[in-house]
Amino acid sequence: MDAYYASPSASFHDNTIARRFYQQRLNHLKFTPYPKDGLVTFGASGTNKCDREIIYKNAKVKAEKSDDLPSRGRQRRLGSAVIEYFQLDLIHMKKRLGDKAIFTVAETESGEFAFEDAAQLRKVFEHNGVKFAITAKPDGILDYDNKQLLFEYKTKATGIIEMNGKLDYSGAQDDHLQQVTAESLLFGIREGLIVYESTQKPSWFSDEDKKNVPKTRKTWRDGSPISDLRAEYFYITDDMQTKLLDGLAKQAALVYNGEVPEITFDMTQKCGFCPFTKHCKATLSDAEKAKLREIDSKMALSNMAYKYQHNNLVEYLKGVREGDEGEAI
Numbered sequence: 004m005d006a007y008y009a010s011p012s013a014s015f016h017d018n019t020i021a022r023r024f025y026q027q028r029l030n031h032l033k034f035t036p037y038p039k040d041g042l043v044t045f046g047a048s049g050t051n052k053c054d055r056e057i058i059y060k061n062a063k064v065k066a067e068k069s070d071d072l073p074s075r076g077r078q079r080r081l082g083s084a085v086i087e088y089f090q091l092d093l094i095h096m097k098k099r100l101g102d103k104a105i106f107t108v109a110e111t112e113s114g115e116f117a118f119e120d121a122a123q124l125r126k127v128f129e130h131n132g133v134k135f136a137i138t139a140k141p142d143g144i145l146d147y148d149n150k151q152l153l154f155e156y157k158t159k160a161t162g163i164i165e166m167n168g169k170l171d172y173s174g175a176q177d178d179h180l181q182q183v184t185a186e187s188l189l190f191g192i193r194e195g196l197i198v199y200e201s202t203q204k205p206s207w208f209s210d211e212d213k214k215n216v217p218k219t220r221k222t223w224r225d226g227s228p229i230s231d232l233r234a235e236y237f238y239i240t241d242d243m244q245t246k247l248l249d250g251l252a253k254q255a256a257l258v259y260n261g262e263v264p265e266i267t268f269d270m271t272q273k274c275g276f277c278p279f280t281k282h283c284k285a286t287l288s289d290a291e292k293a294k295l296r297e298i299d300s301k302m303a304l305s306n307m308a309y310k311y312q313h314n315n316l317v318e319y320l321k322g323v324r325e326g327d328e329g330e331a332i
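Position in the sequence shown (first residue = 1) + 3 = our numbering.
In short, the hints are calculated from the structure, not lab data.
Cβ atoms here follow ideal geometry from the backbone N, Cα and C, with glycine treated the same way.
Worth double-checking, as some hints may not be accurate.
Below, in silico cross-link-like pairs of lysine-lysine (DSSO-like), each with a Cα-Cα straight-line distance of 27 angstroms or less [unchecked claim]:
| no. | residue 1 | residue 2 |
| --- | --- | --- |
| 1 | Lys52 | Lys281 |
| 2 | Lys221 | Lys60 |
| 3 | Lys157 | Lys204 |
| 4 | Lys157 | Lys140 |
| 5 | Lys63 | Lys39 |
| 6 | Lys126 | Lys169 |
| 7 | Lys39 | Lys126 |
| 8 | Lys301 | Lys52 |
| 9 | Lys52 | Lys273 |
| 10 | Lys68 | Lys97 |
| 11 | Lys246 | Lys150 |
DEER-style ranges, computed between Cβ atoms [to be verified]:
| no. | residue 1 | residue 2 | range |
| --- | --- | --- | --- |
| 12 | Lys301 | Ala6 | 46 to 56 angstroms |
| 13 | Phe34 | Glu112 | 15 to 25 angstroms |
| 14 | Ile105 | Asn306 | 43 to 53 angstroms |
| 15 | Gly191 | Asn215 | 51 to 61 angstroms |
| 16 | Ser288 | His31 | 43 to 53 angstroms |
| 17 | Glu87 | Asn215 | 17 to 27 angstroms |
| 18 | Ser83 | Ile20 | 18 to 28 angstroms |
| 19 | Arg75 | Phe34 | 18 to 28 angstroms |
| 20 | Asp148 | Lys39 | 40 to 50 angstroms |
| 21 | Arg75 | Arg224 | 27 to 37 angstroms |
| 22 | Glu291 | Gly191 | 38 to 48 angstroms |
| 23 | Pro11 | Asn215 | 42 to 52 angstroms |
Please model the entire structure based on the sequences and the hints provided.
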């Protein structure tokens, strides 16, 4: 990718390739419902959701819709726009780089680029005596060295230094690894790349010697820009697949039984994108509220006070009131 973007020709897309790419996108601008087989269907990108959200979604609880912060809307739009151009650039690799393009985009049996909707699969599983389905539409499938790789692309708005620091420390995010684990079960591909791109870019020229830029915000190091693009390799093991299937089977069983599990601290770490948060809070029992408040009090006195996990709990507890127990689904 660096070789491609460093080339002056990267600024120009081949009309024939671009036309084929956009025609494919037009062909898939439609809604295709899941088969009516009565099975819980998990999207690969949603396999990290908490048990309660899965219950509410499948119980047809009305999703909450309210105005969001404008910056969040622009951030979502930016991520969607960048991946489209990233895919378009990927299919130009061979033309622009020739034999240096060691990663190329695979094609489906119908002759389409193996991107998203064109590559989407849904497969039924029976695990631990429970039947459910998984569906996935990866950002891409790549041909490399006579084999295929799964490809997922993620934008990061936290900044270059933050993105690299986190990847250096812990590697690819757990929820992203769960996503590609689900994809490995459908496509039979265990290896791949999760590519992270920071939407913050390094200064156009070196800022290493600029005194008005704090050390913690400098975007150049040792005479070169800090990387705004990182590729994390993964290999999916049998244990990773089994662990995921165990969790999905458990959630599917809860749905079939109509059983809403008790709230836990771990669940409050997954509320950021949940469209049922108000409903979830309204159906808490007083015992559940007391348990969460006890955890909050203990964390506030520990070295975890008001760090990421504690802040998530504090945010969840906002608006939760004693004696305000709602109706279950």
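Hint check:
1. Under the criterion of a C-alpha separation no larger than 27 angstroms, the hint pairing Lys52 with Lys281 is consistent with the structure, at around 16 angstroms.
2. A distance of roughly 44 angstroms separates the Cα atoms of Lys221 and Lys60; the hinted pair therefore is violated under the 27 angstroms criterion.
3. About 15 angstroms separates the Cα atoms of Lys157 and Lys204, which keeps this hinted pair within 27 angstroms; it holds.
4. At roughly 14 angstroms between alpha-carbon atoms, Lys157 and Lys140 fall within 27 angstroms of each other, so this suggested pair holds.
5. Only pairs whose Cα atoms come within 27 angstroms are accepted, and Lys63 paired with Lys39 is accepted, the gap being roughly 15 angstroms.
6. About 34 angstroms separates the Cα atoms of Lys126 and Lys169, which puts this hinted pair outside 27 angstroms; it is violated.
7. With a C-alpha separation of about 13 angstroms, the suggested pair Lys39 and Lys126 falls inside the 27 angstroms cut-off, and the hint holds.
8. Simply put, Lys301 and Lys52 have alpha-carbon atoms about 26 angstroms apart, close enough for the 27 angstroms limit, and the pair holds.
9. Only pairs whose Cα atoms come within 27 angstroms are accepted, and Lys52 paired with Lys273 is accepted, the gap being roughly 7 angstroms.
10. Pair hint Lys68 plus Lys97 does not hold up; C-alpha atoms about 44 angstroms apart against a cutoff of 27 angstroms.
11. Pair hint Lys246 plus Lys150 holds up; C-alpha atoms about 26 angstroms apart against a cutoff of 27 angstroms.
12. Distance hint check: the CB atoms of Lys301 and Ala6 are about 52 angstroms apart, consistent with the given range 46 to 56 angstroms.
13. Distance hint check for Phe34 and Glu112: the Cβ-Cβ separation is about 23 angstroms, which falls inside the suggested range of 15 to 25 angstroms.
14. At roughly 46 angstroms, the beta carbons of Ile105 and Asn306 sit within the given window of 43 to 53 angstroms.
15. For the pair Gly191 and Asn215, the beta carbons lie near 53 angstroms from each other, so the given range of 51 to 61 angstroms is met.
16. A hinted range of 43 to 53 angstroms for the beta carbons of Ser288 and His31 is consistent with their spacing of about 45 angstroms.
17. Between Glu87 and Asn215 the CB atoms are about 36 angstroms apart, so this pair departs from the stated range of 17 to 27 angstroms.
18. Checked against the hint of 18 to 28 angstroms, the pair Ser83 and Ile20 passes, with Cβ atoms roughly 21 angstroms apart.
19. For the pair Arg75 and Phe34, the supplied restraint of 18 to 28 angstroms holds, since their beta-carbon distance comes to about 25 angstroms.
20. At about 41 angstroms, the beta-carbon gap between Asp148 and Lys39 stays in the expected band of 40 to 50 angstroms.
21. Roughly 30 angstroms separates the CB atoms of Arg75 and Arg224, a value that falls within the hinted 27 to 37 angstroms.
22. At about 42 angstroms, the CB distance of Glu291 to Gly191 agrees with the hint of 38 to 48 angstroms.
23. Separated by about 32 angstroms at the C-beta atoms, Pro11 and Asn215 break the suggested range of 42 to 52 angstroms.
Violation of the numbered hints given earlier is confined to hints 2, 6, 10, 17, 23; the remaining hints are satisfied by the structure.
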